[in-house]
Every structure is written in structure tokens, then in C-alpha cells.
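Participant: For the record, the sequence lines run as chains A and B.
Per this note's numbering, the first sequence starts with residue 311, numbered consecutively.
Per this note's numbering, the second sequence starts with residue 10, numbered consecutively.
A few of these clues could be false.
[Claimed, not checked] With a cut-off of at most 25 Å between alpha-carbon atoms, the simulated PhoX-like pairs for lysine-lysine come out as follows: (1) A:K318 <-> B:K25; (2) A:K368 <-> B:K210; (3) B:K157 <-> A:K374; (4) B:K150 <-> A:K368; (5) A:K360 <-> A:K318; (6) A:K374 <-> A:K360; (7) B:K210 <-> B:K157; (8) B:K210 <-> B:K150; (9) A:K374 <-> B:K71; (10) B:K150 <-> B:K89; (11) B:K157 <-> B:K89; (12) B:K214 <-> A:K318; (13) B:K150 <-> B:K71; (14) B:K71 <-> A:K318; (15) B:K210 <-> A:K360; (16) A:K374 <-> B:K89; (17) B:K214 <-> A:K368; (18) A:K374 <-> B:K214; (19) B:K71 <-> B:K157.
[Stated by the list, open to error] Partial list, computed: chain B residues near chain A (C-beta under 8 Å): (20) Q18; (21) G24; (22) L41; (23) P64; (24) L65; (25) K71; (26) S74; (27) Y78; (28) T86; (29) K214.
Honestly, the hints are just simulated from the structure, not real lab data.
Quantities reported herein were computed from a predicted structural model and do not represent experimental measurements.
Each residue gets a CB set at the ideal place from its N, CA and C atoms; glycine is no exception.
Given next are the chains, with one letter for each unit.
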Amino acid sequence: MSYSYRLKGTEWGELDVLVIDMPPGTGDVQLTLCQDLELSGAVTVTTPSKLAAADAVKGIEMFKSLGVPTLAMVENMSYFDVSDINKYAGRL
Amino acid sequence: MHQQCEGGQRHYPFGKSIVESKKTLLETDSHLNESNIFQFPISSRTNEANDAGIPLCLSRPKDASVELYTFNSLSSTVAKELLLLQHGRSSEVSDNSSVRIGGEIFDIASLHLSVDNSTNTFVVRLFTDAGATQVEIPGEKLRSWHPKLGEPMEVDTTGEDDDSNSMITHTSGNAHTSGKGCGSHDHSHEVEKGPRLFPCKIEKKGRYGYSVEFADQATIIYSMFSLARAAGGVPHK
Numbered sequence: 311m312s313y314s315y316r317l318k319g320t321e322w323g324e325l326d327v328l329v330i331d332m333p334p335g336t337g338d339v340q341l342t343l344c345q346d347l348e349l350s351g352a353v354t355v356t357t358p359s360k361l362a363a364a365d366a367v368k369g370i371e372m373f374k375s376l377g378v379p380t381l382a383m384v385e386n387m388s389y390f391d392v393s394d395i396n397k398y399a400g401r402l
Numbered sequence: 010m011h012q013q014c015e016g017g018q019r020h021y022p023f024g025k026s027i028v029e030s031k032k033t034l035l036e037t038d039s040h041l042n043e044s045n046i047f048q049f050p051i052s053s054r055t056n057e058a059n060d061a062g063i064p065l066c067l068s069r070p071k072d073a074s075v076e077l078y079t080f081n082s083l084s085s086t087v088a089k090e091l092l093l094l095q096h097g098r099s100s101e102v103s104d105n106s107s108v109r110i111g112g113e114i115f116d117i118a119s120l121h122l123s124v125d126n127s128t129n130t131f132v133v134r135l136f137t138d139a140g141a142t143q144v145e146i147p148g149e150k151l152r153s154w155h156p157k158l159g160e161p162m163e164v165d166t167t168g169e170d171d172d173s174n175s176m177i178t179h180t181s182g183n184a185h186t187s188g189k190g191c192g193s194h195d196h197s198h199e200v201e202k203g204p205r206l207f208p209c210k211i212e213k214k215g216r217y218g219y220s221v222e223f224a225d226q227a228t229i230i231y232s233m234f235s236l237a238r239a240a241g242g243v244p245h246k
């Protein structure tokens with residue numbers, strides 16, 4: 311089922327905010343949604359991988375060209391805090 | 010082999026590419042600054058919350074203060090940015106977000122396009138807090154306008170390509186073309202006169218612009234900036 315069909319064919323009720331989790335990349339889904347809906351803004355999610363970060367930058371540029379501002383950027387799996395040596399130390 | 014690791018140390022098992030991303034983002038004029046970039050840790054608490062089906066923000070375990078603080082900062086920043094956008098910060102987000110017409114400055118996000126059936130012209134309306142303005146554009150003029158850049162295109166019948174083709178789609182079928190070949194290219198360059206340029210259908214395309222289907226079945230997506238320029242708007246920094 312396409313994103314547009316699901317969005318327009320669902321009775322959402324009264325919403326304050328609708329968050330749409332899009333697939334990675336700058337593909338047809340992102341382009342179609344930006345043209346079908348007036349998105350208020352985007353939050354870009356990436357990982358520390360250089361390839362993922364490069365894709366995220368491309369995504370931000372694409373959204374900007376379509377008139378959708380990027381509000382924030384999130385890097386998942388960014389770091390690991392070792393707070394308990396006994397819990398996390400192990401054989402490598 | 011065991012790794013020696015002191016408690017409280019921070020590790021970056023997948024690298025620190027966010028540093029390079031920040032640099033790239035600042036260089037590419039993304040208008041994101043460091044306070045809008047959030048780093049979430051690898052967290053067993055987050056994983057456990059996912060497995061339990063209860064989001065971390067709802068379960069709020071006591072030992073997840075870092076994760077919850079980051080979530081809170083992210084949501085506060087998104088809410089703040091949305092509020093700023095609603096109150097005119099869009100001019101900082103995009104370089105071509107406002108135009109000047111007759112001494113007044115208009116945010117092109119307020120642009121509305123319609124058709125005047127009595128005169129067969131396009132009607133562009135732009136709004137401010139104080140009022141609005143309306144400009145009529147003949148079909149021939151809009152057709153000769155670059156759909157993305159908002160600049161007048163020279164009439165070209167040589168068949169050379171340019172960037173405007175990327176924004177143009179042509180509906181196949183019983184289209185009445187101008188007789189100089191077929192395909193989207195000729196429609197983008199040849200400026201015809203007469204009722205064939207009267208638009209059949211106008212559809213808003215998100216925040217980008219409007220899709221205009223002309224009577225000769227050529228469909229062109231015009232950016233808001235291009236429409237504002239066609240209406241006589243001068244880019245305002």
C-alpha cells in the first residue's frame with residue numbers, strides 16, 4: 311500500500327502532529343510525499359557510517375529544494391558510554 | 010584477549026562521522042547549526058524499551074537520563090523551529106523565499122495560483138499580514154518562463170536540452186503538439202499563442218509549487234519562486 315493512499319485513505323481524527331517515518335534515501339516516497347502533502351519540516355536520522363551521513367546530507371538538500379526545511383538531525387548509535395566495567399567488559 | 014576499559018569512558022565503535030557531517034552541513038548552507046544535531050548513544054535501555062513495546066519516553070527508566078535528556082532536547086528544538094517557521098523564519102531557511110512587488114514584500118509560501126476563466130489567464134495571489142496582491146499572467150508568458158529558476162526562457166526550436174526538462178512531464182495520448190516533433194522538450198520551449206495554452210488543470214505540489222496541465226496536455230511543474238517571478242516579483246534577500 312502506498313504512503314499517499316494510506317495517508318489520504320485513513321480517518322486520522324483531529325491531530326496535533328502527524329509524524330511520518332520514511333524509508334532511507336531520496337527516492338520516490340520522499341518525492342511523492344513532498345508533492346502530495348505540505349510537510350511542515352523534516353528530521354533527518356543517520357548513523358555514524360560515512361555513507362549514511364552522506365546520504366543524510368543529500369536528503370537535506372533534496373528536502374530544501376522541495377521547500378521542506380530540515381528542523382533537526384539525529385545520529386543514532388553515536389557513542390557508547392561504559393559506566394559499569396563489570397557489566398560490559400568482555401572477550402573481544 | 011580482553012580489552013582494558015576504565016569505567017566512565019566514552020567509545021565511538023562506528024567512528025565519529027558526525028564531525029564531518031557537521032562540517033559538510035555548514036558548508037552546504039543547510040541552515041542547521043550544531044544545536045540542531047543530536048547524538049543518541051548505543052543504549053541497552055532503549056533496546057529493552059523497544060522489546061517491551063513501551064517507548065523509552067513513556068517508561069522513563071531512572072538510569073536512562075542521558076537518552077531522555079536527548080529526546081527532550083530534540084522535541085524542544087523541533088517545536089521551537091516549527092514555531093519560528095510559522096512566524097516568518099522561512100526567509101532564513103531558503104534564499105528565494107520572499108519577493109518584492111510594488112514596494113511590498115511577500116513570502117512566496119503564501120502564493121496561491123488559480124485560473125480566471127473569463128480572461129483565460131492565470132491568477133497569482135500573494136498575501137502578507139497587512140493585505141494581499143493579485144497579478145494576472147497570460148498563459149503564453151507563463152509557458153515561456155523557466156519552471157524552476159523563474160527566469161524568462163528564450164524561444165528555442167533547435168531541440169537542445171536544458172535543465173528545465175527535469176521539471177516537465179508530458180502526457181502521452183491524443184496530444185495536439187505544435188508540429189515540431191513530439192515529447193516534453195518542444196512543449197517547454199515553444200511559446201504558442203491562442204486558446205491551446207489555456208490551462209486544463211492546476212494542482213498544488215506540496216510546498217514546492219503548482220503543476221499546470223495545459224490544453225495541449227503538456228504538464229509543467231512550476232516552483233513557487235518561478236510563479237512569483239512570473240508575477241513580477243523581485244527576489245528579496
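Participant: For each hint, tell me whether it holds in the structure or not.
Facilitator: Against the structure, the hints:
1. A:K318 <-> B:K25: violated (40 Å)
2. A:K368 <-> B:K210: violated (32 Å)
3. B:K157 <-> A:K374: holds (14 Å)
4. B:K150 <-> A:K368: Roughly 34 Å between the alpha carbons, so the hint for K150 of chain B and K368 of chain A is violated.
5. A:K360 <-> A:K318: violated (36 Å)
6. A:K374 <-> A:K360: holds (21 Å)
7. B:K210 <-> B:K157: holds (19 Å)
8. B:K210 <-> B:K150: holds (17 Å)
9. A:K374 <-> B:K71: violated (39 Å)
10. B:K150 <-> B:K89: Judged against 25 Å, a Cα distance of about 41 Å means the pair is violated.
11. B:K157 <-> B:K89: Distance ~30 Å between K157 of chain B and K89 of chain B Cα, so the pair is violated.
12. B:K214 <-> A:K318: holds (15 Å)
13. B:K150 <-> B:K71: Violated. K150 of chain B to K71 of chain B sits at ~64 Å, over the 25 Å cutoff.
14. B:K71 <-> A:K318: violated (40 Å)
15. B:K210 <-> A:K360: Violated, because 44 Å separates the two Cα atoms, which is more than 25 Å.
16. A:K374 <-> B:K89: The given pair, whose Cα atoms are some 19 Å apart, holds under the 25 Å limit.
17. B:K214 <-> A:K368: It holds: about 21 Å lies between the C-alpha atoms, which stays within 25 Å.
18. A:K374 <-> B:K214: holds (14 Å)
19. B:K71 <-> B:K157: violated (52 Å)
20. Q18: Holds, because the Cβ-Cβ distance from Q18 of chain B to chain A comes to roughly 5 Å (cut-off 8 Å).
21. G24: Given a least distance of 5 Å, the restraint on G24 of chain B holds.
22. L41: holds (6 Å)
23. P64: Result: violated, 12 Å to nearest chain A Cβ.
24. L65: violated (13 Å)
25. K71: Hint violated; K71 of chain B Cβ to chain A Cβ min 13 Å, cut 8 Å.
26. S74: violated (11 Å)
27. Y78: Interface hint status for Y78 of chain B: violated (13 Å vs cutoff 8 Å).
28. T86: holds (5 Å)
29. K214: holds (4 Å)
In this structure, the hints that do not hold are numbers 1, 2, 4, 5, 9, 10, 11, 13, 14, 15, 19, 23, 24, 25, 26 and 27, in rising order.
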